[in-house]
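Engineer: These are the residues of each chain, in order.
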Amino acid sequence: MKNDIQKVIVLGSGALKIGEAGEFDYSGSQALKALREEGIETILINPNIATVQTSEGIADKIYFLPVTPEFVERVIQKEHPQGILLAFGGQTALNCGTALYDNGVFEKYGVQVLGTPVQAIKNTEDRDLFIQKLNEINVKTARSEAVESVEEAVKAVEKLGFPVIVRAAYALGGLGSGFCSNVEELKKLCETAFAYSSQVLVEESLKGWKEVEYEVVRDRYDNCITVCNMENFDPLGIHTGESIVVAPSQTLSNAEYHKLRELAIKIVRHIGIVGECNVQYALDPNSEDYRVIEVNARLSRSSALASKATGYPLAFVAAKLGLGYGLFELKNSVTKTTSAFFEPALDYIVCKIPRWDLGKFAGVSKEIGSSMKSVGEIMAIGRTFEEVIQKGLRMIGQGMHGFVANHDIAFDDLDHELQKPTDMRIFAINIALAKGYSVDKIHDLTKIDKWFLEKLKNIAAIQIKLSQYDTLQNVPVDLLREAKVRGFSDFQIARLVLKSSDNDMEDNIDAVRKFRKSHGIVPVVKQIDTLAAEYPAQTNYLYLTYSGETHDIAFQYDKKSVIVLGSGAYRIGSSVEFDWCGINALNTIKKEGYRSVMINYNPETVSTDYDSCDRLYFDELTLERVLDICDLEAPHGLVISTGGQIPNNLAMRLYNQNVPILGTSPVNIDRAEDRHKFSEMCDELGIDQPRWRELTSMDDIFEFVDEVGFPVLIRPSYVLSGAAMNVVSNKEEMEHFLTLATKVSKQHPVVVTQFIEQAKEIEIDAVAQNGEVLSYAISEHVEFAGVHSGDATMTFPPQKLYLETVRRIKKISRAIAKSLEISGPFNIQFLAKDNDIKVIECNLRASRSFPFVSKVLKTNFIEQATQVMLGGKVTKFDKSLFDLDYVGIKAPQFSFARLAKADPVLGVDMSSTGEVGCIGDNFYEAILKSMLSVGYTIPKQNIFLSTGPTKSKLELLEPCRLLVKKGYSLYGTKGTVEFLRDHGVEATTMHWPDEDLQPNVMDFIRQKHFDLVINVPKNHSKSELDNDYSIRRGAIDYNIPLLTNARLANAFITAFCNLSMDELEIKSWNEY
Amino acid sequence: MSIQAKILLENGMEFVGKSFGFPKSTAGEVVFNTAMTGYPESLTDPSYKGQILVSTYPLIGNYGVPNHLYENGLPTTFESDCIQIAALVVSDYSFEHSHWNAEKSLAQWLEENQIPGIYGIDTRELTKVLRDSGCMLGKIVINDEDVAWYDPNKDNLVDQVSIKEKQVYGNGKNKIMLVDCGVKANIIRSLLKYDTTVIRVPWNYDFTHDEYDGLFISNGPGDPSLCEETIAHIKTAINGDKPIFGICLGSQLLGIASGATTYKLKYGHRSHNQPVQEFGTNKCYITSQNHGFAVDHSKLTNDWEPYFLNLNDGTCEGIKHKSKPIFATQFHPEANGGPTDTRFLFEKFINIVEQHKHNK
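So the sequence lines, in the order shown, correspond to chains C and G.
Residue 885 in my numbering is what sits at position 268 of the first sequence, and the numbering runs on without skipping anything.
Residue 48 in my numbering is what sits at position 46 of the second sequence, and the numbering runs on without skipping anything.
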């Protein structure tokens, strides 16, 4: 160890949100590993209970508490650490650390900030200081003016000229920023930006310039390296988190590459970084002129990507440098013999593609730009650009099969799509090429470098060649090989050559596979070794490519490999929780004496860290690729139940190819997934379900609704626009939804389900062995059914369930487990109303809540499930949920602020991007900690309420009394205030947004008069819906905490009225 | 297009690909380079004379080739007057290129210089073979037109790439005698950034009686022991008191002249990412390298010490005289291609030259 530091606090980044996702689980985990290796006691503060870093054995103590100055100070007070790391928890940790430094907390408790000094961080975060710093060393930045009012912004543009970019200082991933080309746009954007920050920057626009990034590392001896450079496929103007990115840069000459590299080092030295830093440039496509756009003095999304792209463990090394090591004193952890002071040489290309889920949000603008909207990303590795872009487009998992051979995609205005990109732009390029647009024309519209466009054109050319044949035998073998080298999947080839339809696709894919194998067209496995084969390296970091003849590794064919299928790109509904599940499956496989093998391609995960397993295939989770790997690995079996829905969907197809699937038989998985088969089973077992019907005509639908009554839940199989599922409460709404948003036909049936109001939702997470339940955890939702389980606030152990209910849930679960012969993890969701219990969903795989219940119960469900699947000895637990004398609450994190115009209302489709889980001695303590963790604050004075239907009004009556008693001032819309006054609660009336009357609620929102807005939506007239939307969206845009569910609002208000901040216990996980 | 081509190694291995550039069978020594940019610079580096160059980075040709321009008698965009390599081996040649200063494609340039290229090769596998058995002779065979094996190391390559007549650049006050064993243009450009006159002389030119303020010994191809005449001249110079700076082959020649020996490395250093540490300090640099031989620093005589050591394999990356103003680096401080971390060594050399003049 380099200094006398024995105990260190590491700040996590909290819940996953847009702009701050899984990459910080990865970097934090690496930092903790580096500290532990030095024998330092580690304290982690992170409320994100689903992460790997908050697992046993990673940090010595974990606090599931909000990463805010108040809580962190109290942990410091209790733990007396000597050091703190701020750079591993994203902007959240950095902002929190900067605030603590400014408040003198570190000084007061003698805590040393390890790594980059806080002043240096501030020099990169404050735009004026930053520019001043770079001016000192004659480094060019975009011409920019920092302003503090809209008037100043207008004046600034008089100097700079339109177009300009506006951005809020100190904001996550470009929050509240955008381009404007006239005064009106400028004023509008500034207003939003000022809601996030008192300082707003107006900058010259460099739209169309290349965007290039460098990851730089510096030690305290002033030694610097650039680990990786990256080039954006999308030119400047699109946030780097929204761009397709390749590494290394492809279109930069040696002079450009090294000019920017040299500048990056100069900057990092001048600022005084110790650890890791990211420098972003704009590069003129017509000269060597450049501007520095941004410097991030912390680990970032790009650094996580750079780590995965090169094999260089940036976060691990940065943590060691923070402790005082020199780079030359550390080893390259891939080769283990060479030095960590080096720059990786790549002999492959990687491509990152963002994953958007904009379809999940009603009303959201799909245009992508300078603010981040994507929820996840993938990284594809290969040896041609065509290979990586096609692999990548399959990996993002939005139903695409590559750059070509996708189902019809149409654009109303192709040129507009190319010019003003949405999440679909890359496919617009495909259409443009098909329509005969020249590369020059596409370049003019998109400003994407012609090199990339020419490569895309190569793919299109092969598509045309393949389409000219009708049988595989007629396709020249050279062409087939070329197609594979250029990233074509068997699926694409089947569709292009065999003109496969959906019905014969499965057989045709198989035919393509057999045909190409008979001609020896198979991929080879290559290693990522950081030195492009210059030195020998025993690395287990692997990818598959068709640009090669020889495997880098030997295969044992000893049936000792167990392959775990990962969860792919983070998306709404599947994120870090499945990484935790995957990691725990890998650990158990290793412990049981098997070779652990991971297939996954998400650069934001711990499971794609090459030291998480014995072999990592950073590659596709498609049937084709998994079979390719199985051919080589000849595994003992595959674990498909810890990676969420992607592996689950492969179960039956792999089973049909005779791949050994561990655990529950895919036949039974199918019985649970297939609605009809599952219902049949429930009927046989006498288990109740909400009534449902699969229907193909409007008449049938009306008939069924007459039987069950409104409201009903409608799940279409074909979605034209907007959300896939919807609850409708009357005939008019139903007709509207079914005619405008979906198609109903024989080919596209609609599932209509009875919707039960005011029902409790309960879940069971469990592990079974040969149909016998071994462990289970029952949790209840705070909200009534109707809020997607991923968006619900979950209590474990349940606090308000009848013993009778619990007993019946256990009984039903046992019956289902037995009938489906479950061996492994599973999850069942129930509705409970009065004493009726109905099953609504059953998944024979680990669910989102597995890490939450495992950690609260301190019983590793995945370890047990994996033991079951491996068929060895199984650890039995005797703990039950009745033994716990504390409560865990899992709360969702929403990212509506980043999704301009999206309606921040909860429904049957999931919209949260992350979650936290906090523990308290009672329900109210846990709920308060968890809600503070997802960004809510305890209101100071003014609360606005519009409480919706009567049931919600009643629900909120008591809480309102409490608020008044505590001295809060209540404001409300007319109906709400009348109701409150009728019940003796005083409140001030505000006019609706569409009323041209004062005082108007929107003015008060704009002035940030309210500290909390509660808006419970009603299903009523159009104008009321618009009004509600304006209030909700206003709250989000002006950064005012918003609650839209009466039950949750009740819980939150009751909690903060009864508990003060000081009463919240600062207890680590192991103290419960 | 699409002419069959293959690369044969002296151990009997064969890799099949397709031809680009000039379709002519060629023989030479096969070496690899792991740089990710800078193919115009590498291809014109005289140190690659006679070698078949394998690029481990798979995508080559992306940004085309710039115009061949001269300024004050020196090429500004390339490292010498022509392509020096014997042939180029890549995985994925980019038929279309895109760059603001590209004048032609790589294939066109190779064709004009009558240099063959081959693509579609598993360059990673080829590199591993070369790494494990050392550099090997090889030949590119196009359309089954066989050629004889050729070992460039048996020829005096330095003589082939060195200038034939003395040439003078610049008109500054510090006279630098530059012994050209295959000098890269950027070394001369780097010296001319200061107040210098660079007198570039052939490798075997006897400069010991000429007037100069500082001596520079350049990089170059092949085995240093073949440059006997140069070594003899350097020996005389070392006994004098003038500042001397050597790069790459220049460092090896200086080493031999000082009484040390050189040897062939198991894995040569041919990349842009070689880490070196200044001996006895905490200072480290990333350097550009291209060499197969190294000075054995355990054999340095008493007056000498290592200047830099390689952080990966501990080999000698430079030597310096303990009392005289003489130093040399195995790496390329002038970069092009590669990182510019150690460019300060030119300034250091010029400062020493000036100081030395001043002290006299």
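I should point out that these hints are in silico values taken from the structure, not numbers from a laboratory.
Glycine included, each C-beta is placed from N, C-alpha and C at the ideal position.
Incorrect hints may have been included.
Sample of chain G residues at the chain C side, in silico, Cβ under 7 angstroms [to be verified]:
1) V149
2) N173
3) G174
4) T342
Negatives, chain G to chain C, calculated, CB over 12 angstroms [said to hold, decoys possible]:
5) N64
6) Q169
7) E356
Engineer: All the hints need checking, so say for each whether the structure fits it.
Structural biologist: Against the structure, the hints:
| no. | hint | in the structure |
| --- | --- | --- |
| 1 | V149 | violated (24 angstroms) |
| 2 | N173 | violated (27 angstroms) |
| 3 | G174 | violated (25 angstroms) |
| 4 | T342 | holds (5 angstroms) |
| 5 | N64 | violated (5 angstroms) |
| 6 | Q169 | holds (25 angstroms) |
| 7 | E356 | holds (25 angstroms) |
When each numbered hint is compared with the structure, violations occur for hints 1, 2, 3, 5.
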